[in-house]
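All chains, full assembly: derive it from the sequences and hints.
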Amino acid sequence: MKRLNLSVVLFALLGILLLVSCTTVKEPSEIEELPTVESSISISGKFTNTSKYGNIDTDIPATAMFEAGFELGDICTITAGDITYDAPFVNSYGDVEPGNYLFHPHHEWVEFAICNGNYSKTTGLKEGDVVTITMKEKAGYLTQYEIRNIVKSEDRNDYISDSVFANVRAIQLGEIGFRKLYRSCNPILDDARGPYAAELLSEAGIKTVINLADKQEDLATKAAVAPNAEWYLEIVEEGNAIGLDMGIAFFDPVFISQLKEALIFMSEHEAPYLIHCNEGRDRAGYLSALLEALMGASTDEIWADYMASFDNYFGIKEDTPKYDAYKQIQIDQLKTVNGGVEITNATAADAVKNYFINTVGLTEEQVEALKANLR
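Heads up: the sequence shown is residues 828 to 1202, going by the working numbering.
Note that these hints are calculated values from the structure, not bench results.
Values in this document were obtained by computation on a predicted structure and should not be read as measured data.
Think of the CB as a built atom: it goes at the ideal place given N, C-alpha and C, for glycine as much as any other residue.
Treat the hints with care, since some could be wrong.
What the hints assert, rightly or not - What follows is a list of derived Cβ distance ranges for each label pair:
| no. | residue 1 | residue 2 | range |
| --- | --- | --- | --- |
| 1 | Gly-1142 | Arg-1006 | 25 to 33 Å |
| 2 | Pro-888 | Gln-1043 | 29 to 37 Å |
| 3 | Gly-955 | Pro-1080 | 21 to 29 Å |
Unchecked claim - Think about it this way: if two alpha-carbon atoms lie no more than 27 Å apart in a straight line, the pair counts; the simulated DSS-like pairs of lysine-lysine are:
| no. | residue 1 | residue 2 |
| --- | --- | --- |
| 4 | Lys-1007 | Lys-1087 |
| 5 | Lys-1007 | Lys-1034 |
| 6 | Lys-1198 | Lys-1162 |
| 7 | Lys-948 | Lys-1162 |
| 8 | Lys-1154 | Lys-1144 |
| 9 | Lys-948 | Lys-963 |
| 10 | Lys-1198 | Lys-1180 |
| 11 | Lys-879 | Lys-953 |
| 12 | Lys-879 | Lys-1087 |
| 13 | Lys-1154 | Lys-879 |
| 14 | Lys-1154 | Lys-1198 |
| 15 | Lys-979 | Lys-1198 |
| 16 | Lys-1034 | Lys-1180 |
| 17 | Lys-1087 | Lys-1162 |
| 18 | Lys-953 | Lys-963 |
| 19 | Lys-979 | Lys-1149 |
| 20 | Lys-873 | Lys-963 |
Right, here's the structure in full:
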């Protein structure tokens, strides 16, 4: 019995020695620390300036955010006035889905916004209000941020053609006639792309311009100094251009009233039409999609034309998470137009026509005149 106990003891000791000999004990300096959330990280400032889109800048330097320990992809708790909500720290508006809150570096400062919405109007916050940003979840939005984040080059040499660089193209889908409708970036914007767009469109025979970005009173001044834009100035001087200075809250009553102005103007003026905002991507993309659907384009054609701008600017290709994420924006837009029901090839034309009449406020005659002009 004593011999058995001694054997058991010796066996146990042998096991312990083997375990120790096979285990490498890390020095404290070698042990990787798990990421932790520093809930004490916080920074405050005041709202300073409200843009025409309803975004509000602050007096918080963007560099101060990074110095404090915040990084793009973090989720933070925002407290301002009587409002508290969570939002991701991202690079631009498109890094979140439409309708969602975000805050991001804007020039040198931190700006608060709602993607495709009016932050100031929605929240009631204004210049002078105090805002506090507190870390909630480190890298909590990083995966979504990496899918949605897109950056374009301003160097023409990085693009395969002038038309790709300037996002210029004719739309000929459904019953839209040959060279009746064009879309592009802003030909009179003082940036790298404007002169290319103006040059490409100078031979298109444009008769009517729908400028969604600039104010009416600024059109002549901007066109007069823009390179290659003599044709644009002539159209303005003839009274065949409208400047709408539209925001990006597509279903806000103000936007809808401006959309009505654009559509009536088109119904009363001749094609070929040029529709543009600044990039020719969001506002111009939305109006183009409505017209394409009205004129009988298939849903696949509508999505493809919308996504062509994302390919032109950012090289986003089909069958990628980025492509699917951004295509969903326009699918959801037209779903809203259709009362919350996703449109199909069979319903798209009627859905948009009903929207134009029942929500935008066009008459049946105005819709038919618009269709006739586009054929």
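Which numbered hints fail: Violated hint: only 15; rest satisfied.
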